[in-house]
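Visitor: Sequence:
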Amino acid sequence: MLRLHDTATASVRPVELREPGQVSMYVCGPTVYDYPHLGHGRFTLVFDVLRRYLLFLGLDVTYVSNITDIDDNIIKRAAEEGRSEEEVTEEYEAAWWEAMDALGVLRPTATPHATDYVDDMVSLVGDLMARGVAYETSDGVYLDVDKVPGYGLLAGQPLDSLRAGARVEGNDEKRSPLDFVLWKRAKPGEPQWAAPFGAGRPGWHTECVVMSLDLLGDGFDIHGGGQDLKFPHHENERAQAVAEGRPFARHWVHNGWVVVDGEKMSKSLGNFTSLTDLLAQRDGRAYRLLVLRSHYRSPIEVTAATIADAEEALVRLDNLARRFSLADPLADGGYVVDGVGAGADLDPSAVERFRLALDDDLDTAAATAGIFDLARRANSAMDAGDEAGAELAARTAAVLAAALGLAVRPADVAPDDESLALAAERDAARAARDWARADELRAVLSERGWAVEDGQAGTVLRRR
RNA sequence: GGCGGCGUGGCCGAGUGGUUUAGGCAGGGGCCUGCAAAGCCCCGUACCCCGGUUCGAAUCCGGGCGCCGCCUCCA
Numbered sequence: 004m005l006r007l008h009d010t011a012t013a014s015v016r017p018v019e020l021r022e023p024g025q026v027s028m029y030v031c032g033p034t035v036y037d038y039p040h041l042g043h044g045r046f047t048l049v050f051d052v053l054r055r056y057l058l059f060l061g062l063d064v065t066y067v068s069n070i071t072d073i074d075d076n077i078i079k080r081a082a083e084e085g086r087s088e089e090e091v092t093e094e095y096e097a098a099w100w101e102a103m104d105a106l107g108v109l110r111p112t113a114t115p116h117a118t119d120y121v122d123d124m125v126s127l128v129g130d131l132m133a134r135g136v137a138y139e140t141s142d143g144v145y146l147d148v149d150k151v152p153g154y155g156l157l158a159g160q161p162l163d164s165l166r167a168g169a170r171v172e173g174n175d176e177k178r179s180p181l182d183f184v185l186w187k188r189a190k191p192g193e194p195q196w197a198a199p200f201g202a203g204r205p206g207w208h209t210e211c212v213v214m215s216l217d218l219l220g221d222g223f224d225i226h227g228g229g230q231d232l233k234f235p236h237h238e239n240e241r242a243q244a245v246a247e248g249r250p251f252a253r254h255w256v257h258n259g260w261v262v263v264d265g266e267k268m269s270k271s272l273g274n275f276t277s278l279t280d281l282l283a284q285r286d287g288r289a290y291r292l293l294v295l296r297s298h299y300r301s302p303i304e305v306t307a308a309t310i311a312d313a314e315e316a317l318v319r320l321d322n323l324a325r326r327f328s329l330a331d332p333l334a335d336g337g338y339v340v341d342g343v344g345a346g347a348d349l350d351p352s353a354v355e356r357f358r359l360a361l362d363d364d365l366d367t368a369a370a371t372a373g374i375f376d377l378a379r380r381a382n383s384a385m386d387a388g389d390e391a392g393a394e395l396a397a398r399t400a401a402v403l404a405a406a407l408g409l410a411v412r413p414a415d416v417a418p419d420d421e422s423l424a425l426a427a428e429r430d431a432a433r434a435a436r437d438w439a440r441a442d443e444l445r446a447v448l449s450e451r452g453w454a455v456e457d458g459q460a461g462t463v464l465r466r467r
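Residue numbers (the numbering used here): 4 to 467.
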């Protein structure tokens, strides 16, 4: 039984599904006006891992994640660069998917775009007005949060303190500082859609509630996102659903920050690091492993050193894959279904440990530790001549790693002919016990970027 | 100001009222090896400070110090 922390109750509790065997989850996606950063990488990895674990458990998962392709930042960016909003969103959405693929994040089941849902959003806003919970001002339509029962559930603090802390805005026709915009009237030259309450564009909080309910239905199972979305974004999505009388998410899951020098990494602080840049230089699996080794609700520090640390750890797993000629279970880009249930031959106690760890609020750190333990057991058994036991442990390690989306593979780049010739020459030298020549050739190969190991069949080359 | 979180061995980073070690990286010693690499074994006797509860606390409670976050666009 999977238990997850639920922001609405501020506790870890069992995930109770709307329909047995079926999981519906919605994860707030990016606003595509810039390249993705490390924070985007973290939340997509966290929820990818959750999704994969649900799949591993044999559940059907519908995973919806939106693309926000209309918003103030996009308009601003387009104006700055003298091009259309569409050109901006097209470029950055492409960069987004490229990064997701490099991270090995499974594509969502559905990827709704805000601009495809404007009609529905207009209907929702009109309905909220008709119900008397939304009102017009000179610049748009706002939700009257005082009319929403239970507003503040996700914020985790008294409404009064939220009000006290709310920024005082210049144009204040709002009835409460907590009221939020559902529809923004268009200024001249801005993208706009017709609506009974004036041409304009939807507010950010409106798109997610409309798209999630449309694609997943009332009372879907899990709604996820970064911590900062708890309030006001998710609170406000929920408020609209509540005002409509529709059951919303059953379980709220929020992941922790990426931290730089002890501070939250964010666009407003200007200390963010591009995910695209990271992936251009490093193995995407290293970032996944880094994310897996900490708890999803804890902050993680991402630096060159912590990435390098993860890369070294990955080498250990790749070496295991090489030693045991393990096939990458994710080679086809898919996911792993429960090895035991599916009849795969795995170490049952290791699988049990893995499941206990993940069932406990997705403790990927403990699950990952188990995988490294399996690696040691596999190597150890092999050294002791227990081939069957070794292979069982190794295979289990690879499958469980893959269940978390971590491909373990030899990762060997095929050596070029010249290097192979040098390796063959070295074998000849070794056969002739010409150690000086053999060492010399190792140095040459090393300079060509190969780690040289003496296997039973002779010189083995692998990329350093 | 309101609310919340954190402080673990050289580094990253889990976890927990005592019994069994998180795990990884780096470092030291050993085995293996022609020498290495990979692998295996051993090692550092960690838990911010001060009180309290308890047979026993790093883990619970109180106080202190330090750091961080949310309340505002933000994953």
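FYI, nobody ran anything at the bench for these hints, they're computed from the structure.
Note that the Cβ used here is the ideal one computed from N, Cα and C, for glycine as well.
Check the hints yourself; a few may be wrong.
To be verified - Distance ranges between label pairs, derived from CB positions:
(1) G273 x D75: 16 to 26 Å
(2) E83 x G336: 47 to 57 Å
(3) D331 x A202: 49 to 59 Å
Claimed, not checked - Lysine-lysine pairs mimicking DSSO-like chemistry, simulated, CA-CA at most 30 Å apart:
(4) K177 x K270
(5) K187 x K270
(6) K270 x K233
(7) K187 x K177
(8) K150 x K233
(9) K190 x K150
(10) K270 x K190
(11) K79 x K270
(12) K187 x K150
(13) K187 x K233
(14) K177 x K233
(15) K150 x K267
(16) K79 x K187
(17) K267 x K233
(18) K79 x K190
(19) K270 x K150
(20) K150 x K177
Visitor: Would you mind marking each hint as holding or not holding in the structure?
Guide: Results for each hint:
Restraint check, G273 to D75: a C-beta distance of roughly 18 Å satisfies the suggested window 16 to 26 Å. A C-beta distance of roughly 37 Å is found between E83 and G336, which places it outside the suggested range of 47 to 57 Å. Take D331 and A202: their Cβ atoms lie about 52 Å apart, and the range 49 to 59 Å holds. A C-alpha spacing of about 27 Å is found between K177 and K270, which places the hinted pair at or below 30 Å, so the restraint holds.
Our distance criterion of 30 Å between C-alpha atoms is met by K187 and K270, whose separation comes to about 23 Å. Taking the CA atoms of K270 and K233, the gap is about 18 Å. The hint holds against a cut of 30 Å. Proximity of K187 to K177 is assessed by CA-CA distance (about 13 Å); at most 30 Å being required, the pair is judged to hold. Using a Cα cut-off of 30 Å, the hinted pair K150 and K233 holds, with the two alpha carbons roughly 20 Å apart.
Between the alpha carbons of K190 and K150 the distance comes to roughly 29 Å, so the proposed pair stays at or under 30 Å and holds. For the hint linking K270 to K190, the alpha-carbon distance of about 26 Å falls within 30 Å, and the restraint holds. Simply put, K79 and K270 have alpha-carbon atoms about 15 Å apart, close enough for the 30 Å limit, and the pair holds. The suggested pairing of K187 with K150 holds, with an alpha-carbon distance near 21 Å, which does not exceed 30 Å.
As the CA atoms of K187 and K233 are separated by approximately 22 Å, the hinted pair is consistent with the 30 Å bound. At most 30 Å may separate the alpha-carbon atoms for a hinted pair to count; K177 and K233 meet this at roughly 22 Å. Restraint check for K150 and K267: not satisfied, since their Cα atoms lie roughly 34 Å apart, outside the 30 Å limit. For the suggested pair K79 and K187, the alpha carbons sit about 15 Å apart, so the restraint of at most 30 Å is met.
Restraint check for K267 and K233: satisfied, since their Cα atoms lie roughly 16 Å apart, inside the 30 Å limit. Simply put, K79 and K190 have alpha-carbon atoms about 13 Å apart, close enough for the 30 Å limit, and the pair holds. Distance hint between K270 and K150 is unfulfilled; the C-alpha atoms sit about 33 Å from each other, more than 30 Å. For a cut-off of 30 Å, the pair hint linking K150 to K177 stands: about 14 Å separates their Cα positions.
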